[in-house]
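Chemist: Put together the whole structure using the sequences plus the hints.
For the sequence shown, the numbering used here begins at 7 and goes up steadily by one.
The hints are simulated quantities; they were obtained by calculation from the structure and are not laboratory data. Heads up, none of these hints are tricks.
Quick list of simulated restraints, FRET-style, between CB atoms:
| no. | residue 1 | residue 2 | range |
| --- | --- | --- | --- |
| 1 | Lys64 | Glu18 | 37 to 45 Å |
| 2 | Lys112 | Lys90 | 29 to 37 Å |
| 3 | Ser17 | Phe69 | 32 to 40 Å |
| 4 | Asp96 | Ile72 | 33 to 41 Å |
Heads up, the beta-carbon is just placed ideally off N, CA and C, and yes, glycines get one too.
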Amino acid sequence: MELEDIKYYLSENKIVPKDNSILFLWITFPLLKEGLEVMKSWGFEYKTCGFNWIKLDKKGKPFFGIGHYTKSNSELCLIGTKGKGLRILDNTISQIVMTKKDKHSKKPDNIPELIVKLVGDRKKAELFARKERKGWDVYGDEVK
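Modeler: Laid out in C-alpha cells, this is it:
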C-alpha cells in the first residue's frame, strides 16, 4: 500500500477518531518519518514510543534481520494523541516486548491486552487487522 493510500485510509473507510483519543501506530525504523507523517495526517500528535518489540527467533535469541546500516530486529509502536488523549490507567507497563517472530507483519498477541491495561476497556479499533478481535472494531482485507 502506498503512503498516500494509508494517509487517506481513515476518510475512505469513514473512520472518525474521537476528539480525545490515542493512537498506537506500528512502524519500522526505516519508515519512521513516513509513520510520523501518517500520524499527523490522521490528526494525531506524536508523544512517545509505546512499545519496542524485540523479535526473537525460534530459539529465543534476538532475530537477525536485514538492514543497510545495522541489522534490524525490532519494530516500534508509536503513541500519538488527539485532543487531550486518554488518561493512562497503568504506568507500570514496559515499552520492551520480547516475543518470537511469527508470520510476516503479525504483531505480538499480548499488545491488545497491554493497550487495554493502559487506557481501559473503551471503544477500540484495529486498522489493517488480520482477524476479528472481541471488543474491537476491525478493518482490513485480511479479516477472517
